[in-house]
Amino acid sequence: MPIVIIDAEKCKGCGLCVAFCPKDNLELSKDLNEAGHYPATVKSQENCTGCKMCVLMCPDVCIEIYKEVEEVAASE
Amino acid sequence: MPIVIIDAEKCKGCGLCVAFCPKDNLELSKDLNEAGHYPATVKSQENCTGCKMCVLMCPDVCIEIYKEVEEVAASE
Amino acid sequence: MREELFMAGTGGQGALLAGQVLTQAVLEKGLNVSWYPIYSPEVRGGTTSCAMVITDGHVGSPISGRPTTVILMDARSVQQHIERTAAGGVALVNASLAHEMPPVSDVRIVEVTGTDIAIGLGNERTTNMVMLGAYIGLRPVVTIEELARALEAVLPERHRRFLDLNIRGLQAGLETCQEATDDT
Amino acid sequence: MREELFMAGTGGQGALLAGQVLTQAVLEKGLNVSWYPIYSPEVRGGTTSCAMVITDGHVGSPISGRPTTVILMDARSVQQHIERTAAGGVALVNASLAHEMPPVSDVRIVEVTGTDIAIGLGNERTTNMVMLGAYIGLRPVVTIEELARALEAVLPERHRRFLDLNIRGLQAGLETCQEATDDT
Amino acid sequence: MSKSTHIDTDNMEAIYHKPEAFTETPMRYCPGCTHGLAHRLVAEVIDELDIQHRTICIASVGCSVYAYEYFATDATQAAHGRAPAVATGIKRVRPDNIVFTYQGDGDLAAIGLAEVVHAAARAENFTVLFLNNAVFGMTQGQMAPTTLLGQKTTTTPQGRSIERGGYPLNVCEILATIPGVAYLARETMTSPKRVMHAKRSIRRAFEAQIQGLGFSLVELVSSCPTWWGLKPLEALKHIEEKMLPQYPLKVFVDKVSQASEAVAEGGD
Amino acid sequence: MSKSTHIDTDNMEAIYHKPEAFTETPMRYCPGCTHGLAHRLVAEVIDELDIQHRTICIASVGCSVYAYEYFATDATQAAHGRAPAVATGIKRVRPDNIVFTYQGDGDLAAIGLAEVVHAAARAENFTVLFLNNAVFGMTQGQMAPTTLLGQKTTTTPQGRSIERGGYPLNVCEILATIPGVAYLARETMTSPKRVMHAKRSIRRAFEAQIQGLGFSLVELVSSCPTWWGLKPLEALKHIEEKMLPQYPLKVFVDKVSQASEAVAEGGD
Amino acid sequence: MSEYVLMSGNEATAEGGIAGGCRYFFGYPITPQNKIPEYMSRNLPEVGGVYLQAESEVAAINMVYGAASTGARVMTTSSSPGISLMQEGLSYIVGAEVPCVVVNMVRGGPGLGNIGPAQSDYWLATRGAGHGDGRCLVYAPYSVQELHDWTARAFEIAERYRNPVMILADAILAQMIEPCKLQPRGQPPPLDKPWAIGGDSSERPRNIINSLYVNHDEEEAVNRRIQARYDQAARDDLYYSEYGDEDPEILVVAYGICARVCETAVERASEGGVKCRLLRPISLFPFPSEPLAQWAQLAHKALVVELSMGQFVEDVRLAVEGRCPVELLNRTGGNVVTPEDVTQKLFDMAAES
Amino acid sequence: MSEYVLMSGNEATAEGGIAGGCRYFFGYPITPQNKIPEYMSRNLPEVGGVYLQAESEVAAINMVYGAASTGARVMTTSSSPGISLMQEGLSYIVGAEVPCVVVNMVRGGPGLGNIGPAQSDYWLATRGAGHGDGRCLVYAPYSVQELHDWTARAFEIAERYRNPVMILADAILAQMIEPCKLQPRGQPPPLDKPWAIGGDSSERPRNIINSLYVNHDEEEAVNRRIQARYDQAARDDLYYSEYGDEDPEILVVAYGICARVCETAVERASEGGVKCRLLRPISLFPFPSEPLAQWAQLAHKALVVELSMGQFVEDVRLAVEGRCPVELLNRTGGNVVTPEDVTQKLFDMAAES
Ligand SMILES: Cc1ncc(C[n+]2csc(CCOP(=O)(O)OP(=O)(O)O)c2C)c(N)n1
Ligand SMILES: Cc1ncc(C[n+]2csc(CCOP(=O)(O)OP(=O)(O)O)c2C)c(N)n1
Ligand code: SF4
Ligand code: SF4
Ligand code: SF4
Ligand code: SF4
Ligand code: SF4
Ligand code: SF4
Ligand SMILES: [Mg+2]
Ligand SMILES: [Mg+2]
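Sequences listed follow chains A, B, C, D, E, F, G and H, in order. According to our numbering, the first sequence is numbered sequentially starting from 74. According to our numbering, the second sequence is numbered sequentially starting from 74. According to our numbering, the third sequence is numbered sequentially starting from 68. According to our numbering, the fourth sequence is numbered sequentially starting from 68. According to our numbering, the fifth sequence is numbered sequentially starting from 45. According to our numbering, the sixth sequence is numbered sequentially starting from 45. According to our numbering, the seventh sequence is numbered sequentially starting from 112. According to our numbering, the eighth sequence is numbered sequentially starting from 112.
Since the hints were made in silico from the structure, they are not lab data. It should be emphasised that the depicted structure is a prediction, and the values quoted were computed from it without experimental measurement. Every residue gets a Cβ at the ideal spot worked out from N, C-alpha and C, and that includes glycine. One thing to keep in mind: the hints can contain errors.
With a cut-off of at most 20 Å between alpha-carbon atoms, the simulated SDA-like pairs for lysine to any residue come out as follows [said to hold, decoys possible]:
| no. | chain 1 | residue 1 | chain 2 | residue 2 |
| --- | --- | --- | --- | --- |
| 1 | E | Lys196 | A | Gly123 |
| 2 | F | Lys237 | F | Asn55 |
| 3 | E | Lys275 | C | Gly78 |
Derived list of chain A stretches under chain E, where covered just means 3 residues or more per stretch with a C-beta under 8 Å from a C-beta of chain E [as the list claims (entries may be wrong)]:
| no. | segment |
| --- | --- |
| 4 | 85-96 |
| 5 | 129-140 |
So these bits of chain F aren't anywhere near chain E, every CB distance computed over 12 Å [what the hints assert, rightly or not]:
| no. | residue |
| --- | --- |
| 6 | Lys62 |
| 7 | Arg208 |
| 8 | Asn214 |
| 9 | Thr221 |
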């Protein structure tokens with residue numbers, strides 16, 4: 074399951090990730106961050122497919138996505 | 074009969090008029106002008122057709138061509 | 068009379084606008100005045116400030132190293148600028164956003180919960196007017212009516228609908244501050 | 068010894084080259100020397116000139132307001148420059164092209180039919196060498212052998228075939244001038 | 045204040061993390077400004093090509109003037125419009141370094157037009173990132189050469205007219221006439237797909253340089269939400285609807301593939 | 045000295061005489077240099093259009109710097125490369141005057157490239173005469189942006205190579221991409237026929253201006269016998285054989301005819 | 112006070128241009144003077160004028176040159192880096208003897224620097240119309256009102272001397288808001304100056320605007336003619352103001368924003384018992400050397416205050432010629448001096464002697 | 112004499128650059144210095160260097176900036192109008208603290224002017240690295256030999272101070288031919304200066320070459336650091352020469368070609384009984400103010416000779432500070448002073464007192 078991490082302090086609340094998430098998985102927070110923006114937050118990690126659309130559209134490199142390390146087939 | 078007049082002092086002896094006269098009617102003088110060039114001269118006015126090729130190619134506007142004034146038909 | 072005022076806040080807090088409203092009111096009143104903006108190095112999210120001189124005499128220097136009054140609208144402004152305040156001067160602080168005060172001596176610190184009051188009035192954005200209202204409570208260089216008229220003149224067309232809110236902000240600030248003044 | 072030489076002619080006459088040949092010869096001889104070209108305003112067909120200082124001491128000023136010798140290669144140069152000649156100096160004139168002399172006092176005018184001599188040698192273009200030869204007849208700062216060697220060093224590759232002609236020019240000039248000198 | 049969930053990523057594999065070629069410095073751009081997006085793509089390409097430590101960034105004058113703070117590479121800050129000249133100077137001394145300029149449309153298409161065209165004509169072997177947002181962003185929204193007809197800016201209060209401001213300048217169309225160009229494309233970043241396209245072009249442009257093929261430039265039709273007076277998403281829509289008709293997306297020149305093919309065909 | 049035959053022309057009709065728009069000042073160009081030829085054509089066109097007293101000539105910096113001495117019109121001498129900016133300033137104050145610049149390839153294609161392209165983009169309503177002789181004539185024959193590959197100049201002693209000097213710049217091909225251009229042609233003057241063609245283009249360029257259609261430019265592929273090291277006639281041959289393949293003759297844009305047709309069709 | 116309006120220095124400058132008859136503006140945006148082109152783009156068309164955004168400062172100054180050649184009142188405005196780029200064009204304008212007005216709102220330098228206030232283009236302004244012997248006539252207003260008035264007046268002066276006039280200010284004066292009484296928008300004089308190009312040349316000799324003089328004597332004559340005009344300006348268009356005590360212990364010299372600061376400092380020093388007189392050059396070239404020398408004779412010491420590394424002080428020293436010691440108080444790089452700094456320095460200087 | 116070769120000033124300058132380790136040349140042709148780029152285009156490739164003809168002087172100086180950022184020895188050469196166009200770039204180079212060498216063979220101005228000799232870019236050279244507080248260090252050779260030697264040395268000085276060095280001469284010095292002893296072609300030092308960009312940045316902190324300092328205090332620190340370097344140069348790289356009598360009646364001050372003229376004039380005046388001493392500044396910035404002040408104290412009068420309308424004389428007056436009267440003899444616009452002019456003036460001055 075992919076885990077989306079948004080740097081709430083770097084985020085400027087532009088909403089592009091929100092708009093382009095095909096799973097409607099993101100939203101803007103109701104709370105201001107230090108810089109005075111409403112940062113994006115993940116509604117629920119479960120829905121995320123790790124499609125990276127949010128990452129692709131984020132102008133401020135605030136989003137990172139991780140997944141649990143899987144065993145890799147030895148033959149590869 | 075067209076009369077070709079070359080300003081021998083302005084002429085720089087580049088020879089372009091000589092080269093482009095279809096009647097081979099021009100040549101460079103053997104004598105230097107004040108500025109140190111061998112200016113073009115007319116071999117014979119008789120051969121000239123007034124075609125203006127010489128004029129067209131002269132880079133120094135040294136050539137003028139005249140003709141005798143003819144009676145103009147009154148109807149024109 | 069010579070009042071040297073320095074006003075600082077974060078980009079969006081409207082310190083510049085508050086300064087311009089005051090400038091306009093002072094002009095209408097027939098006093099001399101100068102105002103200039105100071106942009107901090109940070110293009111976005113930095114502090115913005117402006118410096119004013121209000122006087123019935125000759126303005127002379129529009130620049131002041133030790134302003135008689137400083138209005139500080141957030142924590143960063145307080146940290147950066149409270150030291151400027153002239154000996155015997157006043158620091159008017161937005162206590163909603165600034166909680167720690169660096170040690171300063173011979174400065175009267177007046178705390179007003181500007182943002183809270185503004186939110187109470189329905190719009191955080193009017194914090195600047197609350198602080199400005201408080202200011203004329205402390206330094207009655209112009210009246211609240213004069214400020215209200217100035218607001219009308221200065222506010223850009225597209226913000227005219229906030230006129231009322233802003234006037235209520237001024238009013239609330241003035242009141243709060245008169246209390247605060249009494250307290251001190 | 069300090070010789071200040073000024074040499075002028077029309078664009079194509081080779082005053083600059085003659086000057087450079089002399090400069091080279093002087094350098095080889097171990098004297099001090101400076102040479103600089105002066106272009107007249109007219110881009111084409113204007114006069115070209117150069118100024119030299121030849122000395123066994125310190126060159127100091129390469130510029131001279133009153134050169135001790137002037138070499139004038141055509142009528143226009145004579146008109147424009149003969150006045151420069153220092154009191155007691157020499158004006159060496161190409162009499163083939165310059166017929167009228169402006170009045171000058173305390174200047175020795177030496178006329179050499181440079182162009183005629185050059186034509187006699189088979190090429191008008193060597194007039195500059197004739198004049199240079201004449202010059203060392205008057206002012207023996209270098210010998211004709213030294214000039215000939217310098218010519219070899221200075222002449223651009225593609226003009227090397229004129230070396231002989233040029234040396235004959237120098238020779239003819241030197242001879243003519245020694246006569247001229249005798250005459251005066 | 046917003047809460048920030050702490051997640052321990054030590055034992056996880058990154059599907060995406062900040063490029064190495066990027067510093068930690070937060071970017072000063074306005075919310076939703078595509079400058080940041082373009083930066084990220086460049087940094088990703090630098091990572092992918094593994095050239096961070098031999099890359100030199102030339103920042104220009106515009107909102108992206110601080111580019112030298114964001115790219116974790118050597119950098120020079122160039123005078124307004126002169127980044128291609130500065131890049132030329134650097135590359136001529138250091139041909140083995142990978143050099144790129146990052147320029148806005150005011151910088152490149154107004155004051156710096158001669159420099160970029162001549163660099164292209166000389167087939168200078170560096171890469172230009174050209175951010176066209178149809179406005180002078182940094183100086184408060186004045187008309188740029190690329191401003192659309194009818195577009196209102198702070199110096200075209202009635203909208204740009206031909207009479208007072210002339211026609212929009214299509215830089216790629218000009219550069220496409222120049223044989224020194226090895227890679228030339230116009231891209232935009234209005235959707236994830238477009239972003240991926242844009243990145244591919246940026247990568248190809250750098251590859252052109254690495255292969256020594258000559259001048260490469262990628263124009264990115266960009267947004268300036270602030271001076272367009274639009275929200276970030278609206279600004280992207282504005283690009284699609286208004287900008288792209290004037291600045292159609294296209295790969296104008298691509299000698300990289302030709303070179304690759306040539307290699308493929310010719311062996312060795 | 046050459047003898048000059050005195051002929052009394054009082055009672056004769058001129059088949060050709062010096063244009064009125066020309067002064068008596070002898071031109072300083074080298075023998076056979078086509079600068080003079082181009083001048084004459086411009087002067088003839090000014091005569092034919094009867095615009096001498098409302099024409100302003102902008103001389104640039106190059107061998108033609110003295111153009112203001114030759115054209116019998118008002119004139120300004122512009123800094124190297126900046127003639128189109130100067131023309132813009134003049135024309136914006138005096139839209140009823142006919143303004144033309146006369147620029148060499150160093151002036152227009154090297155240092156002045158931005159100015160000419162931007163004037164075109166702004167559809168400035170003046171005319172540019174662009175003399176391309178592939179060399180900096182006035183400063184003693186250095187490489188110009190238009191110098192041919194392989195051509196030896198005083199700063200490309202081994203001949204221009206792509207590596208050291210880049211590719212020749214085709215200015216018309218660049219300008220042809222710009223919508224502000226009303227008339228654009230490349231001509232040469234290597235034969236009487238070509239000369240007549242060139243003159244027609246120059247005339248059309250001025251007509252474009254008179255009709256207020258916008259920017260017009262005629263490139264004249266020209267000779268520099270001196271720095272090419274060729275005799276005048278050889279130089280013309282060099283143009284035909286070496287220059288024209290790089291700089292093919294063409295009318296790139298002609299809105300004059302379109303306008304005329306439009307007028308013809310639309311009546312009034 | 113209704114005749115006064117609040118205006119920024121930038122706007123007052125722009126409106127001053129229009130009042131002075133300027134109808135043609137060519138410029139390229141640069142902070143901190145962007146409000147000038149913005150203002151012009153809105154207002155010039157209203158008065159039948161032309162605002163044109165150039166592709167660069169190089170192009171802008173050459174457009175100015177062209178427009179000025181026609182006898183029109185024309186201006187451009189910029190800030191430090193842009194003014195550097197105009198140097199060649201300015202030299203042509205001086206050499207061709209055409210009038211124009213250039214405004215420089217100086218910012219922190221060198222290089223890209225920053226957009227803070229500075230006076231570090233003093234030499235660039237007073238010495239630099241680029242290469243050659245020409246110079247700009249330079250006027251340094253010190254308030255929004257003066258920015259307005261001097262910009263308006265600059266056109267007249269420029270035409271009188273057929274020379275560019277530079278208005279020199281800084282980022283604070285540019286952005287400062289103060290009450291300003293606006294002059295009416297004057298009509299520009301007719302274009303047909305005897306030397307100007309354009310219009311119908313059939314009834315007059317053709318005119319040539321040119322700075323090329325291959326003949327050295329002609330060129331020298333041009334230079335001496337220009338110098339004679341500068342000498343005349345030094346008699347007829349020299350401006351300065353004075354402030355403070357008539358029997359000063361310390362002479363304070365400052366221009367522009369620094370002079371504002373010094374006024375307050377001089378007041379405070381006087382209150383503190385240190386008599387000071389402020390001499391403020393308004394014209395920086397021509398420079399008020401004589402009054403300065405006179406005060407230097409009287410005072411024991413002089414203090415120069417500037418926002419640069421010691422540029423202006425050289426002109427003061429040239430005028431003072433050792434009559435009294437000259438000290439320098441300066442900040443640079445966008446930083447300002449405060450009245451407190453200057454007052455303290457004055458007290459220190461008084462204490463030392 | 113075989114170690115001496117005849118060379119023009121231009122060629123000696125170019126060869127001086129190569130001798131000084133210059134391997135990168137970016138320039139744009141302009142008379143009277145065209146022989147420099149021509150020479151470089153032939154010779155630099157031979158030593159593994161790069162000659163690149165820029166599209167303009169603006170581009171040239173910015174190419175220089177780029178190349179200098181890598182720590183390379185790089186130069187450009189031009190003449191007056193071209194130097195005007197380089198002002199912005201020079202300001203960036205000063206602000207970013209990178210070394211380079213710029214040669215200006217001054218011609219007649221202002222504007223297009225003419226190609227005669229002049230010294231009218233004195234202020235442009237000594238005051239102008241464009242806008243802001245930076246300056247070029249300026250050296251003024253007076254012979255072909257000195258052009259060669261100073262150009263070679265300039266690179267070292269530029270690197271010592273991380274500042275552009277300008278070699279200032281004129282159309283005569285540029286085109287004059289004199290015997291010159293050539294220095295061997297030195298190897299340039301390695302590129303990897305601690306501040307330089309380029310190469311492999313994996314083993315060191317990344318470097319940034321920049322002149323943007325939004326923080327005013329940082330910018331001020333840069334300016335004061337640069338000033339401190341200039342102060343150091345005034346101690347360590349100040350050069351001048353003296354000529355003539357040790358107990359002069361008249362102090363003659365001149366640089367470059369004028370100093371040559373003055374040497375001869377001083378000799379002649381001495382022969383004529385007027386004792387004179389010539390002080391010739393070689394470094395124009397830093398300026399040899401102290402020795403000048405000392406001689407001014409001794410002499411009764413000073414005469415300044417320059418080919419400009421009174422630029423250099425201001426620096427002399429600044430140094431002399433009224434110690435003795437300073438007179439000016441000048442020509443301009445391509446004209447020259449002759450030894451006869453100067454000698455006459457010296458006799459006149461001696462007669463007056
Ligand atoms: C010589 C010079 N002229 C003008 C400026 C002011 N200036 C700074 S940024 C800029 C335009 C920026 O526009 P653009 O390149 O489109 O970048 P954007 O901010 O839109 O990304 C200008 C004119 C300057 N710094 N230097
Ligand atoms: C700013 C500036 N740079 C350089 C020059 C020197 N310069 C004079 S003419 C010229 C080039 C001329 O070439 P081109 O425009 O092709 O004209 P041509 O002489 O070939 O007709 C140059 C570089 C100058 N006068 N001004
Ligand atoms: S990775 Fe895809 S699904 Fe997950 S949050 Fe981002 S856009 Fe939405
Ligand atoms: S796209 Fe980036 S900056 Fe914008 S809201 Fe999402 S995380 Fe924040
Ligand atoms: S008019 Fe024709 S025929 Fe007569 S001389 Fe000229 S070219 Fe020859
Ligand atoms: S073309 Fe003209 S310049 Fe040339 S030779 Fe003939 S007349 Fe003389
Ligand atoms: S002003 Fe425009 S271009 Fe600049 S950062 Fe803001 S949105 Fe981006
Ligand atoms: S140098 Fe060349 S371009 Fe110039 S006049 Fe001579 S031939 Fe013509
Ligand atoms: Mg932009
Ligand atoms: Mg050319």
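Against the structure, the hints come out as follows:
| no. | hint | result |
| --- | --- | --- |
| 1 | Lys196/E <-> Gly123/A | violated (40 Å) |
| 2 | Lys237/F <-> Asn55/F | violated (30 Å) |
| 3 | Lys275/E <-> Gly78/C | holds (18 Å) |
| 4 | 85-96 | holds (count 7) |
| 5 | 129-140 | holds (count 11) |
| 6 | Lys62 | holds (38 Å) |
| 7 | Arg208 | violated (9 Å) |
| 8 | Asn214 | violated (7 Å) |
| 9 | Thr221 | violated (4 Å) |
Checked against the numbered hints given earlier, this structure breaks hints 1, 2, 7, 8 and 9; the rest are met.
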